[in-house]
Amino acid sequence: MATEEMEQLVRREYTQGFVTDIESDTVAPGLDESVIAFISQKKGEPEWMLQWRLDAYHQWLKMKTPSWAHLDYPPIDYQAISYFSAPKSKDDAPKSLDEVDPKLLETYEKLGIPLHERAALAGVAVDAVFDSVSVTTTFKEKLAEAGVIFCSISEAIREHPELIKQYLGSVVPKGDNFFAALNSAVFTDGSFVYVPEGVTCPMELSTYFRINAANTGQFERTLIICESRAQVSYLEGCTAPQRDENQLHAAVVELVALEDAYIKYSTVQNWYPGDEDGKGGIYNFVTKRGDCRGDRSRISWTQVETGSAITWKYPSCVLRGKHSVGEFYSVAVTNGRQQADTGTKMIHIGEGTKSTIVSKGIAAGNSNQAYRGLVKLGPRARGARNYTQCDSLLIGDRCGAHTFPYQEIGNSTATVEHEATTSKIGEDQLFYCRQRGISEEDAVSMIVNGFCKDVFQELPMEFAVEAEALLNVTLEGAVG
Amino acid sequence: MSEVQAFIDRLEERSAERRDVVSEPTWIAARRQAGAARFAALGFPTKRDEAWKYTDVRRISEGDFALASDADFSKATAATLTLPLDAIRLTFVDGVFSAELSDLAALPSGVGVEPLSQALATNHEAVGGTLGRLTGVEFSPFSALNTAFNEEGAVIRIAAGTRVEKPIVVQFLSRANAAPVMSHPRVLIEARARSQATIIEHYSGEGEAANFTNVVGEALLERGAILTHYKLQEAPLNDLHVSSLHVDQGRDSRFVSFNINLGGALVRNDLIADLNAEGAEASYYGLFFAQGRQHVDNHTLVNHNAPHTFSDENYKGILGDRARGVFNGKVIVKRDSQKIEAHQNNANLLLSDRAEIDTKPELEIYADDVKCSHGATTGQLDEEAVFALRSRGIDEQTARGLLTLAFAGEVMELVGLDAVAERVERTVAGKLPERFNLAGLVELAALSEDSPQQGE
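Read top to bottom, the protein sequences are chains V and P.
With this note's numbering as the guide, the letters of the first sequence map in order to residues 4 to 483.
With this note's numbering as the guide, the letters of the second sequence map in order to residues 121 to 576.
Mixed in with the good hints there might be a few duds.
Below, computed lysine-lysine pairings styled on DSSO-like, alpha-carbon distance capped at 30 Å [said to hold, decoys possible]:
| # | chain 1 | residue 1 | chain 2 | residue 2 |
| --- | --- | --- | --- | --- |
| 1 | P | Lys454 | V | Lys177 |
| 2 | V | Lys65 | P | Lys167 |
| 3 | P | Lys167 | V | Lys357 |
| 4 | V | Lys67 | V | Lys325 |
| 5 | V | Lys177 | P | Lys167 |
| 6 | P | Lys167 | V | Lys456 |
| 7 | V | Lys267 | V | Lys282 |
| 8 | V | Lys325 | V | Lys282 |
| 9 | V | Lys65 | P | Lys491 |
| 10 | P | Lys173 | V | Lys282 |
| 11 | P | Lys551 | P | Lys195 |
| 12 | V | Lys282 | P | Lys551 |
| 13 | P | Lys195 | V | Lys348 |
| 14 | V | Lys348 | V | Lys65 |
| 15 | V | Lys65 | V | Lys168 |
| 16 | V | Lys67 | P | Lys167 |
| 17 | P | Lys454 | V | Lys357 |
| 18 | V | Lys348 | P | Lys551 |
| 19 | P | Lys173 | V | Lys456 |
| 20 | P | Lys173 | V | Lys67 |
| 21 | P | Lys167 | P | Lys454 |
| 22 | V | Lys456 | P | Lys459 |
Covered by chain V, according to a simulated footprint, are these stretches of chain P (three or more residues, beta-carbon under 8 Å) [claimed, not checked]:
| # | segment |
| --- | --- |
| 23 | 416-424 |
| 24 | 454-463 |
| 25 | 472-483 |
| 26 | 498-511 |
The calculated label-pair distances, taken between Cβ atoms and stated as ranges, are [claimed, not checked]:
| # | chain 1 | residue 1 | chain 2 | residue 2 | range |
| --- | --- | --- | --- | --- | --- |
| 27 | V | Gln460 | P | Glu504 | 25 to 35 Å |
| 28 | P | Arg343 | V | Met464 | 55 to 65 Å |
| 29 | P | Thr166 | V | Glu144 | 37 to 47 Å |
| 30 | V | Gly33 | P | Glu182 | 19 to 29 Å |
| 31 | P | Thr166 | V | Pro49 | 49 to 59 Å |
If you are wondering where the hints come from, they were derived from the structure by calculation, not from laboratory data.
Here a beta-carbon is modelled for each residue, glycine too, at the ideal position from N, C-alpha and C.
I would like the entire structure built from these sequences, with the hints used as guidance.
Pasting the structure below:
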């Protein structure tokens, strides 16, 4: 087959790699109590928040880096990372788009995210996170009208301390795991969403994360709370500039769904995956967990993971409420020397709880990817159901695809099904398309898109388009 | 560590005098030392070890086990326990060879079946070549323990081109001793090129027994060899049972494993096949039925080390009361092992709310031109099927019993030996919680069959 052409395409440079030169207010690399105090002070946080952070830091000090994942990377020097970086223009924060640093806007343009355009046309409120500080938030008024709070987490800590005190760390405790503890100690920003009782959020909420300043770890903290009968759809998308230094990203996302609430959380992740030798690239260690606290609540995770050198991510659902529903739809694409260890946990506690897992992994080049999942059904989860499907597609003979599904079932009324397949794109499928005049590349694209369709159709419209485009770019020509 | 050292010291002491009697070749002494050192370093596995995450071995580590010194066993009991098969038979009682209960008369030519002690006495160098080649001290703490304290076992050698008509039964009987005993037997199988044989490892014993068996098996399948291996484990309900079987497969060899576990309080099985050359094929079929507080842990691994190799696996588990089942099936496809096919399935039936199953079907794949799949399901009996049977006048308990048997049937119908199939079906039927006498039904079916009666 057209190996040369394939390699050429696979070797394509990361088109979204560029560095915007914005003066950063950066703290010297290293982590100790004074750095945490600095962050807390910079953010204008109350004393209890600082204590909360320090407590997390002390727990983190006692922890070891997890080694169970199917990943291979050099140890991270946590003292070589700078834990705070904020765009300089922070002090006179812009009230509207016109006031935003034009250079910043330019960055968004390059990324293909015309902020105002998108906001106006698609009716999406964008809380754009540039590095670590929320720069601008649109459509606040409209949201305020509905009673929805959508702001940066720092703002929420200042403005809504009672909600933060009640919910922050209630899904992912401070000491949950190594990276969550680190995040709890040093998180600099992120989004906060609160949807009051009975309210369906009038628009899809969206945040674009972007890592910029060199040597800055990105520690986002997102908290979404849906009161009874409330609904929200949240979109998270990311791209990052090219860089040689590995960047650490350890985010924590917490979702709380009360009675009859529905949270839909979608992610498109396209951070810099490193060059063809695996140099550079983002280390992405994320803890995402949703808590279906109320009866009949529902949390749905959808993710398209195409970037990062290392992905360590397991969006999970704790199905506490009776008849609550957890969903996980994932497409993970790895190429070059990318490594991904991703999957989900579905913890069924309540009666009649249901979960669905659909995971599609595509590995090309020298990449390795693993699906790692846990389905646990407790003794009280009578009549609980799980359906899991995880398929892997291998493109090329130097990559690896692995599946590690754990199932712990302690209930005789439960039904658990797991299916997994691993294969390559069939020669006959390709031949069939080619024979009908479809170029090989288009045929591969078609087959891969078909392979991922179950997941793409779960994405909101705007994202689905972006995701398909991303997938094509990542895999173009990588025909086996 | 002190607990482990105490365990070793006790064992050393108890086996010391016996070993003086047998003057051992130096290589065995060296192996024993390596095994003991390795075990001392590893200690007993804990739940922190990924491979033992769901299995607690404290009942073994905290146990005080003696070593059996004779092979006395009630003939009448042995007769009921022994499978009614016209077979070549090797019997061990608490790990000690029993010539009386063995049947090694008239071995066909090309077939060697003898106790390990005898094989060592005749030509220890011939044994040394293969013993420990596949399962060394590194494999697990229990294999290290076995290496250190192994005394007896079975050596089965099938010459090239030999087709063994009679099944070869290696029988392990567990006795109701005053104090519990332990044994660390080895089973060594050498199937030379194009040979064909059926080997049955059968574990059973007296109801009140509470012994610990730690068996390590190694099987070598040369080019074109076909080996059907049954493990029928119906050990007494208080027995502790740890076993491993490692199979090395040459070109075009075929290995079929039936791993049937019905007895034991704590059971852990490791089954590994290395498909080392093209055309090698491994099929794993398993059935476990646990009740009360039984704990059955099955770990299986298939290494596709060469292109054009095939594996197929189907394990079925039935769990009642407070029993716990563990299934961990792993398939590894090495880089450049193209054109392989690997399928794996695990289905479990939970009969009680307090039963638990932890299943983990894993795939690790480094080649792209492969067809691999795995599936795992857990659930209860299909209520519609129960209803369908009831609507035909079958009472609920019988319906449930029949459906449970049918669930096991998918594996059992592949069993080629009637004596084994019948024994298992009867035991499964007898274990059903519905207290309906399905065993009678099975008997009735057996009587009404026109097929000639098997066995003695």
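When you check the alpha-carbon spacing of Lys67/V and Lys325/V, does it fall within 30 Å? 36 Å, violated
30 Å limit on alpha-carbon distance, applied to hinted pair Lys456/V and Lys459/P: 27 Å, holds
Gly33/V and Glu182/P, beta-carbon distance inside 19 to 29 Å? Violated, since Gly33/V and Glu182/P (Cβ atoms, about 48 Å apart) do not stay within the stated range.
Decide if the proposed pair is consistent with the structure: Lys325/V and Lys282/V, CA atoms, cutoff 30 Å inclusive. 47 Å, violated
Next pair to validate is Lys65/V with Lys167/P; report whether the Cα-Cα distance is within 30 Å. 21 Å, holds
Would you mind confirming whether the straight-line C-alpha gap from Lys173/P to Lys282/V stays at or under 30 Å? Status violated; Cα separation ~35 Å.
For the pair we were handed, Lys195/P and Lys348/V, check the Cα-Cα distance against 30 Å. 54 Å, violated
Given the hinted pair Lys454/P and Lys177/V, is their alpha-carbon gap at most 30 Å? 40 Å, violated
Holds or violated: Lys173/P to Lys67/V, with C-alpha atoms at most 30 Å apart: With a Cα-Cα distance of about 19 Å, the restraint between Lys173/P and Lys67/V holds, given a limit of 30 Å.
Restraint status (C-alpha distance of Lys167/P to Lys456/V at most 30 Å): 39 Å, violated
For the hint 55 to 65 Å, verify it against the beta carbon of Arg343/P and that of Met464/V. 59 Å, holds
Starting from Lys65/V, check that the Cα of Lys491/P is at most 30 Å away, please. 44 Å, violated
Comparing the model with each earlier hint shows violations of hints 1, 4, 6, 7, 8, 9, 10, 12, 13, 17, 18, 19, 23, 29, 30, 31; every other hint is respected.
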